[in-house]
Amino acid sequence: DAKTTQPTSMDCAEGRAANLPCNHSTISGNEYVYWYRQIHSQGPQYIIHGLKNNETNEMASLIITEDRKSSTLILPHATLRDTAVYYCIVSDYNQGGKLIFGQGTELSVKP
Amino acid sequence: NAGVMQNPRHLVRRRGQEARLRCSPMKGHSHVYWYRQLPEEGLKFMVYLQKENIIDESGMPKERFSAEFPKEGPSILRIQQVVRGDSAAYFCASSPLRTGPSSGNTIYFGEGSWLTVV
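Going down the list, the sequences are from chains A and B. Using our numbering, read the first sequence as starting at 1 and increasing by one per residue. Using our numbering, read the second sequence as starting at 1 and increasing by one per residue.
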């Protein structure tokens with residue numbers, strides 16, 4: 001079973017920042033937080049991942065709370081092409097390294 | 001650097017036939033994962049393979065499904081005697097090291113193979 005909780009859906013205005021929350025209260029010390037997204041009829045696309053520190057790349061920023069029990073993915077200037085299902089995943093070392101996907105958050109970016 | 005390559009992208013099979021889906025991992029990646037996505041559902045893990053070894057097949061149906069990743073050539077997901085319920089998108093992913101995301105490595109996905117059973 002997925003170890004994360006995400007809202008089912010969110011809306012965001014085009015050009016505004018999209019902040020997608022994720023709860024992972026049972027995360028253990030060695031587990032990373034990964035974010036992927038899936039645009040309709042395409043393969044999952046890697047966005048970003050982190051362990052303890054906040055991370056930023058060309059796509060997004062990842063803010064992880066100090067206790068690591070939750071995180072937020074930030075898309076700084078959302079565009080219509082960012083409309084997708086966003087998955088927050090905690091890598092489970094005990095699961096042998098595979099990623100277990102939950103239901104994700106369906107983000108709709110509106111003009 | 002080419003990404004994860006899957007073929008065929010679309011496959012139509014009649015009930016009872018066999019389906020073979022192929023996956024070539026990214027260059028330098030020696031670990032492959034297969035996932036299935038049924039219509040309007042989420043991604044479900046099926047199997048995790050290393051070259052010539054199955055590491056974890058806990059998500060594979062017990063019958064009709066098999067996977068291999070030979071020393072040479074692509075990984076193959078084989079579905080025998082397909083039924084309508086096998087119609088789905090099958091995604092392959094690869095990572096460079098055995099422990100994959102447990103060590104902070106990233107898994108990259110292909111664009112999927114869409115199987116339709118008629």
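There's no promise every hint is true.
When the alpha-carbon atoms are kept at most 30 Å apart in a straight line, the in silico DSBU-like pairs for lysine-lysine are as follows [said to hold, decoys possible]:
#1 A/K69 with A/K52
#2 A/K3 with A/K52
#3 A/K3 with A/K69
#4 A/K69 with B/K27
#5 B/K71 with A/K3
#6 B/K71 with B/K27
#7 A/K52 with B/K62
#8 B/K51 with A/K3
#9 B/K51 with B/K27
#10 B/K62 with A/K3
Selected chain A positions facing chain B (in silico; Cβ < 7 Å) [claimed, not checked]:
#11 T8
#12 C12
#13 G15
#14 R16
#15 A17
#16 I48
#17 F101
In case anyone wonders, no lab produced these hints; they're calculated from the structure. Even for Gly, the Cβ is constructed at its ideal location relative to N, Cα and C.
Compare the structure with the hints numbered earlier in the document and write down the numbers of the violated ones, lowest to highest. 4, 5, 7, 11, 12, 13, 14, 15, 16
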